[in-house]
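With the hints as a guide, bring the two chains together.
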Amino acid sequence: MVRKFNVLEHELVPVHEVLDVREALRILKQLRVRPEKLPWIRESDPAAKSIDAKPGDIVRIIRKSHTAKKAISYRYVVTG
Amino acid sequence: MSKEIHEYIEKKLNELIGVLPESIIEELRVKLKEIPDLSKDEVDKIIKLTVREYRNALVEPGEAVGTVAAQSIGEPSTQMTLRTFHYAGVREFNVTLGLPRLIEIVDARKTPSTPMMTVYLDEEHKYDEQKAKEVARRIEVTKVENVVSSIETDLFENIIRITLDPVMLKDKGLTPEQVLKIIEKIKLGAEEITLNYEDNKPVIIVKFAGEPEAAKLSKAREKIMSAKIKGVKGIKRVIVQRRDHEGKTEYVLITDGSNLAGVLGVKGVDPTKTTTNSISEIESVLGIEAAREAIIREIKGVLDEQGLDVDIRHIMLVADIMTWTGRVRQVGRHGVTGEKESVLARAAFEVTVRHLYDAAARGELDELKGVTENVIVGQVVPVGTGMVTLQMKPSITRKAGSN
Numbered sequence: 000m001v002r003k004f005n006v007l008e009h010e011l012v013p014v015h016e017v018l019d020v021r022e023a024l025r026i027l028k029q030l031r032v033r034p035e036k037l038p039w040i041r042e043s044d045p046a047a048k049s050i051d052a053k054p055g056d057i058v059r060i061i062r063k064s065h066t067a068k069k070a071i072s073y074r075y076v077v078t079g
Numbered sequence: 000m001s002k003e004i005h006e007y008i009e010k011k012l013n014e015l016i017g018v019l020p021e022s023i024i025e026e027l028r029v030k031l032k033e034i035p036d037l038s039k040d041e042v043d044k045i046i047k048l049t050v051r052e053y054r055n056a057l058v059e060p061g062e063a064v065g066t067v068a069a070q071s072i073g074e075p076s077t078q079m080t081l082r083t084f085h086y087a088g089v090r091e092f093n094v095t096l097g098l099p100r101l102i103e104i105v106d107a108r109k110t111p112s113t114p115m116m117t118v119y120l121d122e123e124h125k126y127d128e129q130k131a132k133e134v135a136r137r138i139e140v141t142k143v144e145n146v147v148s149s150i151e152t153d154l155f156e157n158i159i160r161i162t163l164d165p166v167m168l169k170d171k172g173l174t175p176e177q178v179l180k181i182i183e184k185i186k187l188g189a190e191e192i193t194l195n196y197e198d199n200k201p202v203i204i205v206k207f208a209g210e211p212e213a214a215k216l217s218k219a220r221e222k223i224m225s226a227k228i229k230g231v232k233g234i235k236r237v238i239v240q241r242r243d244h245e246g247k248t249e250y251v252l253i254t255d256g257s258n259l260a261g262v263l264g265v266k267g268v269d270p271t272k273t274t275t276n277s278i279s280e281i282e283s284v285l286g287i288e289a290a291r292e293a294i295i296r297e298i299k300g301v302l303d304e305q306g307l308d309v310d311i312r313h314i315m316l317v318a319d320i321m322t323w324t325g326r327v328r329q330v331g332r333h334g335v336t337g338e339k340e341s342v343l344a345r346a347a348f349e350v351t352v353r354h355l356y357d358a359a360a361r362g363e364l365d366e367l368k369g370v371t372e373n374v375i376v377g378q379v380v381p382v383g384t385g386m387v388t389l390q391m392k393p394s395i396t397r398k399a400g401s402n
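These protein sequence lines map, in sequence, to chains A and B. In case it helps, numbering that gives the first Met the number 0 puts the first sequence at residues 0 to 79. In case it helps, numbering that gives the first Met the number 0 puts the second sequence at residues 0 to 402.
Calculated from the structure, these hints are not laboratory results. Everything numeric in this text was worked out from a predicted model, so none of it was measured. Ideal placement from N, C-alpha and C gives every residue a C-beta, glycine not left out. Please note that the accuracy of each hint is not assured.
[What the hints assert, rightly or not] Which residues of chain B face chain A? A partial, calculated answer using Cβ under 8 angstroms:
(1) Pro20
(2) Lys272
(3) Leu285
(4) Ala289
(5) Ala293
(6) Arg312
(7) His313
(8) Thr324
Isolated chain B (complex conformation) (with noise of 0.2 angstroms):
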């Protein structure tokens, strides 16, 4: 292909440019480089009819767009197994998938049932396993309870002993000098809490003045199993998942519970791309726009779990409308408005009597804007062509009619 018809055609196309989304146009540069022998005249017929395809393929004004979105995910879910439970990639984890996610998302619940967080980390940990394990147990809450072997309460010392488990000490990254430490910060009004080693292990006592309650005893133990040593609170369980990426290997942490905010502020977590399921952390940390696509990304992936394919655009639709005002609403029983303003659309869905009743009592006025009310009064519907009205200036008749 000669190098004039080359520059012929990128002018062409950056004249596109706000014409056509860049997707086309880009689809549009490849195709056209690929055939041999192009006249000027014929990448002007091209251009000119994938204007025209592109143009034809939109959404016409008035368009039902929401209900075909609604039909469109509505038939699908259908079908969907109502089994809750999959794994999702990760064996070791039960996610909701499926209808009860699909609702769940919908439905703006604050915390999702199965809590979940993809970790991604920085270049200096995410090629090493052992990197990532440090990662993960600094995600990971560790309580003391974790640690321990045993745990008993002596009513006649007044005191509480503390066996810790040198195996899982060493597992967590832990000395310990350090529980000790975290210990002796709870208040439990202990007289004394001192660490000692019996048969080479190691042994915390906590000692208590004044009258053996065993009450306060066990309450105080409560206090001190329930202690957090490290971690990032509601992350219950962390694991580490080798992921093979164009020949290189990677670990990504995958996390039972979701705490974004805290997880971000990690040390080796890389916050740019890591991410939760839980729609609410990613709108108060990240902002609106990333709840939108989180929720765009988050119902197409059950849906292709469950092998359904829909067409992204409406589930962005769905995505649109819930964000709307800058807070994630929900699509509930009654849309995403909540109550329809109608009375005789609100008529026409449930209770029908109480409403027309409560309507007639308050003196309400239908104005007779939306579908329902229509349909019932047995008018044309505002929808598609039902839309338009004609408008006339009275003005340029009288012109056109004198001349």
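Okay, chain A solo, but in the shape it has when bound (with noise of 0.2 angstroms):
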């Protein structure tokens, strides 16, 4: 009965990426934290999961924001 569903495409879901090294270290010297300092996502999470994120990386995530139309932000994904 199950089907298979990529949570990505829910309405609630914004879109999340995967950072490359290089682009990550861009961002955390832009935004000038550490990446433990950024909110977090877990590795557990669905959709870190259907991205493959793994711990360590950074995910960006581009959200439909109520105000802005478009907001972009970022979590570090963590173990759990």
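Laid out in structure tokens, this is it:
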């Protein structure tokens, strides 16, 4: 009965993408933070799993913002 | 307006990406094109002014946004009706709204007191009431007891007689044979299960072997009655709701009870739009970002329903903080992080002396980093302009002095 369904297609789930190392470093430098100071996302998170994010990665999240139409945010992938 | 100035506006607006949010750029584009006879110079001025005003409106560093959010949500909440139950668009259901619901959301309760789902249907099923009902039947839990007109336990013959209700069977889209199959699957320890027709009514007889025992029969009877024939676990009732949207009639299912993972897999359901009011279910099925969005929508929904106008940015802040660690954390009596680090801050909150005793016994150190501690000792609090400190590189001054 259960069909395969990618959670990223759900209306509530914004775009998630894993940053490559160079891009991640650039972002951290731009924001002037250590990665653990970013909001986290768990490795076991359904959205993180579907983009195959591993602990230590930084995920870019492109949200449809209520106020700004589009808002970019980052999360740091942690174990758990 | 000339083509040249049009292109100039577009060029200038493209340069603003990353400087202004998209929504403001969009608004600016619309407004700029409304004004006739604009010169390039005027376009520049308007854009410059917009950027300046936008930067002015930004939150300043050190602003106590959390406190402002708490006040901005807290004050209107005091005006909310304390009445728990309201209907939310569906008269058939009572849904917890108002203050109790708000508390439920920020407390990050595992299950809401009235779990509810809004199930959207796929292209094939959403325009036709019959097809929508079909999906509703697949979702709604049907137990044997829902299609039974009478059930008797006969101790003399050691049997259970189950008379099925043909009307209910038809309503649920079931045949007596299907019910028989379900009953056969339950581990009852029965000797024989048969389906007969008496006066055109389907009757299932469950016969047991050995000595008749009243306790055993009534236990079996319980098991039969609560056996699930079909549906998604947890969905107690489904209502087909008609929605007229832009001249088109659409059917949406509203459910009493929630099981997101289960319902998303049902044929005929649009899995990309279907939602629940259970935030913990959204968290586990769709992830932390979806949970954040759900918290925002739920809180906004409660406030809107009560006619309270709270800026959504305050709610977004709450949702951001609640989902910071990748899991939904509650905003409890002690804030989000639980116990405060500072002894003085804890002592200021409640049971003052106990906290001081304990801290003294353990030899705790207070770094005076928070607001409360600094108020107590009479220092400038680390908020707003109090957050900045002067820093100096002696080497640079020497160079400047030697000049």
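Hint by hint, here is what the structure shows:
no.	hint	result
1	Pro20	holds, 3 angstroms
2	Lys272	holds, 5 angstroms
3	Leu285	holds, 5 angstroms
4	Ala289	holds, 4 angstroms
5	Ala293	holds, 6 angstroms
6	Arg312	holds, 6 angstroms
7	His313	violated, 11 angstroms
8	Thr324	holds, 5 angstroms
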